[in-house]
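Undergrad: Sequence:
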Amino acid sequence: MRTGEALPAVEEVLTVLATGLWHWDTETGLVTVDAEAARLLGLPAERRTLSQAQVRSRLHPVDWNEITSVIQLAVAEGTLGEVRVRIMDDRGRVVRVGRSRFHAAFDQDKHTFEVTGSLQEVTEPAPGTSSERIAVTGDWRRSREAFLLDAGRALAEARSTSEVLRVAAGLAMPGFSPDGLAVFGVTGDRLTVIGYHGYEPGDEDPFKGLTLESDYPASEVIRAGRAVYLSSPEQYKERYPATWPMAARFHRRSWAFLPLVVAGRTMGAWMAAFAYPVAFTPDERSVLTTVARMLAQALSRAEAAETARELTDGLQRSMLPRLGPEIPGMAVAARYVPTGGGLQVGGDWYDMIPLPGGPSSGGGRFALVIGDVQGHDVRAAGLMGQLRIALRAYASEGHRPDAVLSRASRFLHGMTFGTAEEDPAALRFATCLYVEVDPVTGVLEVARAGHPDPAIRMADGTVLNRSTAGGLPLGIDPDADYPTTTLTLEPGETMLICTDGLIETGGHDLGTGWRRIRTVLEGHDGDLESLADALVQAVHGPSSHHTPGPLADRREDDIAVLLLRRQGDGPSGTRAPGRPAVRRTMMSVAQAEPERVAVARQQLRELLHDWAVPDQVDSAVLLLSETLTNVLVHTDADALLRAEVRGGSGDRRLRIEVSDTSDDLPHMRRPGELASSGRGLILIELLAHAWGVDPLGEGKTIWFELYESGGGDGSGTAVAPGGSGRA
Numbered sequence: 030m031r032t033g034e035a036l037p038a039v040e041e042v043l044t045v046l047a048t049g050l051w052h053w054d055t056e057t058g059l060v061t062v063d064a065e066a067a068r069l070l071g072l073p074a075e076r077r078t079l080s081q082a083q084v085r086s087r088l089h090p091v092d093w094n095e096i097t098s099v100i101q102l103a104v105a106e107g108t109l110g111e112v113r114v115r116i117m118d119d120r121g122r123v124v125r126v127g128r129s130r131f132h133a134a135f136d137q138d139k140h141t142f143e144v145t146g147s148l149q150e151v152t153e154p155a156p157g158t159s160s161e162r163i164a165v166t167g168d169w170r171r172s173r174e175a176f177l178l179d180a181g182r183a184l185a186e187a188r189s190t191s192e193v194l195r196v197a198a199g200l201a202m203p204g205f206s207p208d209g210l211a212v213f214g215v216t217g218d219r220l221t222v223i224g225y226h227g228y229e230p231g232d233e234d235p236f237k238g239l240t241l242e243s244d245y246p247a248s249e250v251i252r253a254g255r256a257v258y259l260s261s262p263e264q265y266k267e268r269y270p271a272t273w274p275m276a277a278r279f280h281r282r283s284w285a286f287l288p289l290v291v292a293g294r295t296m297g298a299w300m301a302a303f304a305y306p307v308a309f310t311p312d313e314r315s316v317l318t319t320v321a322r323m324l325a326q327a328l329s330r331a332e333a334a335e336t337a338r339e340l341t342d343g344l345q346r347s348m349l350p351r352l353g354p355e356i357p358g359m360a361v362a363a364r365y366v367p368t369g370g371g372l373q374v375g376g377d378w379y380d381m382i383p384l385p386g387g388p389s390s391g392g393g394r395f396a397l398v399i400g401d402v403q404g405h406d407v408r409a410a411g412l413m414g415q416l417r418i419a420l421r422a423y424a425s426e427g428h429r430p431d432a433v434l435s436r437a438s439r440f441l442h443g444m445t446f447g448t449a450e451e452d453p454a455a456l457r458f459a460t461c462l463y464v465e466v467d468p469v470t471g472v473l474e475v476a477r478a479g480h481p482d483p484a485i486r487m488a489d490g491t492v493l494n495r496s497t498a499g500g501l502p503l504g505i506d507p508d509a510d511y512p513t514t515t516l517t518l519e520p521g522e523t524m525l526i527c528t529d530g531l532i533e534t535g536g537h538d539l540g541t542g543w544r545r546i547r548t549v550l551e552g553h554d555g556d557l558e559s560l561a562d563a564l565v566q567a568v569h570g571p572s573s574h575h576t577p578g579p580l581a582d583r584r585e586d587d588i589a590v591l592l593l594r595r596q597g598d599g600p601s602g603t604r605a606p607g608r609p610a611v612r613r614t615m616m617s618v619a620q621a622e623p624e625r626v627a628v629a630r631q632q633l634r635e636l637l638h639d640w641a642v643p644d645q646v647d648s649a650v651l652l653l654s655e656t657l658t659n660v661l662v663h664t665d666a667d668a669l670l671r672a673e674v675r676g677g678s679g680d681r682r683l684r685i686e687v688s689d690t691s692d693d694l695p696h697m698r699r700p701g702e703l704a705s706s707g708r709g710l711i712l713i714e715l716l717a718h719a720w721g722v723d724p725l726g727e728g729k730t731i732w733f734e735l736y737e738s739g740g741g742d743g744s745g746t747a748v749a750p751g752g753s754g755r756a
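Here the sequence shown is numbered in this note's numbering, starting from 30 and rising by one per residue.
I should point out that these hints are in silico values taken from the structure, not numbers from a laboratory.
One thing to keep in mind: the hints can contain errors.
Stated by the list, open to error - Derived DEER-like restraints, expressed as beta-carbon distance ranges:
1) D232 to L456: 53 to 61 Å
2) R314 to H280: 18 to 26 Å
3) D554 to S98: 39 to 47 Å
4) Q415 to Q101: 44 to 52 Å
5) Q566 to A47: 50 to 58 Å
6) R314 to S98: 26 to 34 Å
Claimed, not checked - Derived lysine to any residue pairs resembling SDA-like cross-links, with alpha carbons at most 20 Å apart:
7) K237 to A277
8) K266 to L239
9) K139 to Q101
10) K237 to T190
11) K266 to P235
Ideal placement from N, C-alpha and C gives every residue a C-beta, glycine not left out.
Build the full structure now, drawing on both the sequences and the hints.
TA: This is the structure in structure tokens:
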């Protein structure tokens with residue numbers, strides 16, 4: 030070549046260097062080779078496109094498995110891959126050893142590889158290569174064993190009939206690979222086509238109406254239970270003249286029809302058709318027979334799995350309701366995820382029930398129910414369906430939430446208690462949370478039977494775990510009581526109720542599980558449907574053994590989730606941008622429930638989780654405890670707590686009000702050094718920025734305020750009862 034002359038084409042240079050090029054697209058399963066690469070593979074020296082199975086049949090099975098591993102490693106490390114492969118002839122003998130260097134690219138969306146590489150023949154092992162890596166003489170039996178191990182693993186992993194057929198189509202048998210496959214089944218006395226590969230849609234139509242008595246190889250195989258091998262078109266035409274015209278149009282040269290036998294029963298037939306003549310030697314027949322046995326087992330497992338999935342889907346469709354009609358001012362989303370084994374059905378359920386005067390009749394009230402019957406078996410699923418119907422019936426009669434759960438507990442106890450003497454395992458209980466919703470006012474009346482408390486996501490993203498009064502799980506005590514707790518859902522707020530599967534999946538306990546859910550709730554800013562998806566995805570991510578802590582992996586529980594949002598005036602039903610952020614919480618503390626003072630303190634700490642001055646948080650908790658305790662100690666009334674935070678971060682105002690029905694107004698005392706009480710108002714005077722006492726028509730309200738921008742000096746500016754001035 031002289032200076033100034035055009036450079037020769039790349040393929041011409043590579044041909045001179047005895048180097049071939051190839052390209053493999055795993056999405057289509059096609060491998061394109063140039064003339065030199067085709068020659069090195071033992072094919073006519075011309076550019077062609079081959080199937081994955083055709084290329085695989087030309088390589089030693091062990092080397093093929095190594096290629097797929099090296100491709101994944103090269104993509105992970107971002108490097109070029111290199112392998113040494115043994116190229117085999119039609120008899121499984123190694124005819125040459127090649128070296129291939131390649132670049133692999135991975136498509137994240139399609140999960141496929143595109144690989145482009147070169148192929149050269151080598152005569153000596155690379156320096157430093159151990160004797161185990163040196164090419165060996167081709168041996169049919171060793172190749173067959175490697176192929177059968179590979180085929181058995183691939184078929185064992187297939188989960189559906191289509192996957193089994195796809196795996197069977199990709200199997201490259203040592204020395205001979207079919208380019209047409211079909212699986213036949215039996216329905217009554219008719220032959221059915223379960224699936225096929227290497228044919229066009231509609232090619233199977235002439236074979237669908239054949240009877241088992243027809244003059245067709247697959248029919249004979251199913252009748253007799255013996256394989257039929259046809260090495261040439263002449264043999265086919267001679268033995269089956271009636272159906273030969275149906276097969277002739279596909280231009281195959283050899284056929285193998287083998288019975289698919291499971292537990293001594295012939296369930297169908299497998300056809301492998303070849304585009305070239307095959308002698309079907311004893312070794313080849315042995316391979317085909319073994320593959321047919323593995324294929325029959327794989328198809329049997331796939332059929333059982335598909336039947337179970339169909340039954341599961343039917344159970345879920347019949348037991349899980351659709352959400353009711355659209356509620357003005359409210360949005361509802363639900364998810365049910367079976368994570369157990371077997372039929373993947375259990376005792377978790379949810380429901381949305383129109384109440385008398387509710388959505389279906391032009392009113393507004395409805396009920397949300399979520400629950401979990403003990404167990405993850407078919408009996409639990411059956412009890413769940415019956416209990417859901419009973420709850421819907423009691424709610425539709427107009428009973429209050431406490432009465433609905435009381436009647437449901439008596440119903441479940443009657444369903445299981447009578448059989449417990451015969452079978453102690455038949456005694457079951459169920460947890461349940463029943464919420465009656467008034468969408469006009471946002472008032473929620475909650476009754477709880479041993480179920481996790483609801484969580485409220487406020488308009489600014491703050492999440493509170495709302496403590497509610499509760500009773501025993503349903504079915505334990507037929508006379509159990511279920512007190513009702515009243516909450517208010519403000520505009521832009523979202524309530525989450527769920528079964529314990531959402532909390533504990535992945536080995537978490539109630540504490541760590543709620544922290545995980547809180548993170549998702551606080552960080553999400555989309556609509557309700559995307560929030561439901563995010564919650565489910567969060568617990569289906571890495572299990573707890575991927576994170577620090579002594580948490581055991583747990584994935585056996587089902588998940589049910591219900592979300593209720595009271596629509597705001599912003600995007601996705603949240604608070605509109607620019608409007609002042611408001612957080613509110615309210616709860617009652619009865620004289621007989623002094624332990625709820627601790628719950629109130631925890632609620633306030635959660636409300637002030639991002640308050641800029643930690644000392645003020647401690648002061649607010651102390652003052653709240655004092656005001657609530659004063660009501661319980663010095664009056665005979667119950668206390669009603671209302672806490673509200675207004676304003677932007679760094680300049681917020683906390684206002685806490687504690688109301689009771691007693692008309693006795695508090696007054697400042699001067700307790701002695703050893704006195705055990707009388708310091709409540711003194712503490713409020715010292716720590717609050719403003720405080721006061723407001724008489725009501727019946728009773729009074731004592732209130733105090735803290736200002737985030739005011740620091741922690743607690744300069745108390747008191748307002749006198751009923752007006753201004755110092756107290």
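Undergrad: Now, for every hint given, state plainly whether the structure supports it.
TA: Results for each hint:
no.	hint	result
1	D232 to L456: 53 to 61 Å	holds (59 Å)
2	R314 to H280: 18 to 26 Å	holds (24 Å)
3	D554 to S98: 39 to 47 Å	holds (42 Å)
4	Q415 to Q101: 44 to 52 Å	holds (50 Å)
5	Q566 to A47: 50 to 58 Å	holds (53 Å)
6	R314 to S98: 26 to 34 Å	holds (32 Å)
7	K237 to A277	holds (17 Å)
8	K266 to L239	holds (18 Å)
9	K139 to Q101	holds (15 Å)
10	K237 to T190	holds (18 Å)
11	K266 to P235	holds (17 Å)
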